[in-house]
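Undergrad: Build out the structure end to end from the sequences listed, making use of the hints.
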Amino acid sequence: MASTTQRRVAVVGSAQTLLADERPDLQHVDLITEVVTRALKGTGIRVEDIDFVIDSGSDFLDGRSISNCGFLGAMAAHHKEESRVEEDGLWALSYAVNKLTAGPASIGLVIGYSKPSEGDVDAFWSGMLEPFLQRPVGLTHETAAGLYAQSYLATAGLNADDLDVVSDSAWRKAAANPRVCAPTPSGDDWRSAVASPLRRSDYARPVDGAVAILLAIEEVAEQTTESPVWVTGVGSAIDQHFLAGREPDTLPAAGYALRSALRMAGLASAADFDIVEVSATSTVGELMVLEALDVAEPYKAIELYRSDDPRINPSGGALPADVIMATGLARLHESVLRLARRGEHHDNTARTALVHGTGGFAMQNHCVVTLEVA
Amino acid sequence: MTKVAIVGTGQTAHARRRTDVSQAGLAREAVVEALLDANLTMDDIDSVVVASGPAMFGAVNQPEKWLVDALGARYKPVVRITSGGGTGLAGALAAINQIKGGSARRVLVVAYDKLSEGALQASISTLYDPFWGREFAVGIMGFSAAYWHARMQRLGHTEEAAALVAVKNRKNAMLNPKAHVKREVTVEEVLASRPLCWPIKVLDVPPISDGACAVIFSGEADAEAITDRPAWVHGMSYWGEADNGPDRSMIQSEPLQLAAAKVYKDAGITNPFRQFDVAELQEPYTCFELSYYEGLGLCPEGGAAELIASGETELTGSLPVNPSGGCMGANPIGATALIRLAEAAMQVTGKAGDHQVKDAQRALVQAGGGWANLRGVAVVGAEK
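Sequence lines, in order, name chains L and X.
Read in order, the letters of the first sequence are residues 1 to 374 in my numbering.
Read in order, the letters of the second sequence are residues 1 to 384 in my numbering.
Which bits of chain X does chain L cover? Going by a derived footprint, with three or more residues having C-beta under 8 Å, they are:
1) 49-59
2) 228-239
3) 248-259
I should point out that these hints are in silico values taken from the structure, not numbers from a laboratory.
Glycine included, every Cβ here is placed at the ideal spot set by N, Cα and C.
TA: Here it is as structure tokens:
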């Protein structure tokens, strides 16, 4: 469908709060205001120049119905076109890219945020289950990840200890990331059993935070920044809801999302990305995502960690810092920082990035975005 | 840039309580009807947008995930847009952007609410700021009554004028097979009905319903291949207003005026009262329909009471408003806005049956939600 005459869209600004397991000092509006202000800073683009705002957040996590309503001022959406996508912020970004490609809008702001420290995260996940057949059996997001892991480890010929290389890698990289507060895990709890075969260390840690991404069409982008990061492809796909109806140890929906993004980007394969930033709710989930995205052969993604492949989640990924409604958008922000050679990444040489976000119970939904700099 | 059209619509039988279907079953019922209307199958659908009221209404978080199996949407893009009462129109706008942006050719939008399964006003009360607004928040009715009272004082939106809206819409609902409230009322009955939050009285309020609506959109070439009567979307927009009450006008809705100005420009509308043949407006209370007449420029500011009294917005008038009966006939909140759009499409394609407005060529649609601070407008027409 993509034609050569279509308008190109670039990231011209982006910001992320410090991600930490709780931010009791800041309300939702404070987190949002911080990223909106910082995403605009230095771009020359003012609040009144923004044509529209697309935002991601969760009524369930916020404890508020239509929670976007309460944050429109902070989101710079006063007297503007605005819509709420109740899914990871990467889907909000997909909407914004469509809207900019369609025209006539030329500047769009995308926001994702969560404050899980103030909500019941277990209820957030189990509340997604249809209430008749899946909820009454006591299925939780942790046991569901355990079921996947049992099947995956058996097929891959791995055991639970093998997964430590995945969590260790993620937390080591996060500790070196100034945008994440990730103290080195320790104590008895860290390797304690949660849902066999998975342990606490295998699960993503929910964190509070917000991410804002400023997008613009080519004419604006080239006047705004010397290093526009082009959004070359976007794709998403969802799996069945019933867990028993899904594949036991692969994530085909992530593959569909990838192929759709590659098609838009005009790429034949996912082999050559310099950065691969993916989201997952468990270590096994992360391995399955990398395989579905063709970054690793089936059941071989663990080798990427054993060889300490620098392309994989240089930020630390989602395991040490899961912002829930903004985790995929945080992956995009981390990729943009490197591609645009901002801050401590001034000597980065990466030119392309593959970004992935997920949503839904046991990673039902997947979104893939491809990025490129000149 | 492709033009976008509506090529199929479907609605459930709306009811106060649909105990025969789950939320997923309700959505499926509307989708099946829309696919039949367009003579398509799910294989033809590239992408699905789900719109529903706040998740707390139905006590299922991210309910679009559950709908996937019942809709046959596995491995397709599925996303949910949520924007309170106007969410159906916000969902439609997302679909249109997918088509115009080139990421999909045929998009299914399904909007629904099963309000019999949740605590509606308790959920709505959580809309307010937990520190500064929730103590005095009583659902959505309190501030609506305050708005109406201000408009009564300044614009002459009297209780009698609002009662005429109830009389008109309930009469129109008698002709709509999908409406579930079928009882005509008189102005006297409305005025004498029990006050809930004065000046809002029981008969100023629409019912609470279970129901779903589905609309299929496509680009120009696909639309002309699918049907010989597409309903062309001439414009659609959805605007927000920051919720700081003291800064907002209670007299006219600024986001509504902004959305209308944008859509009228896109659709070439300079004299809305004359150029539209029919309008479907989402009236959560009778007083809002009066307010929208003015916000949409169908009459001058302060002219709404006169317009409703003139009879021109009745089914036989020169600009029938809510020939479907509007929310008064059925009000599954998350679906209500999409129902307005579907009804408008049915009118301009001559498919509205007993409540068809003769020779309707161009229709106006309005919807809104949140704390009266999210407002959408659309124009659809028979002509490309």
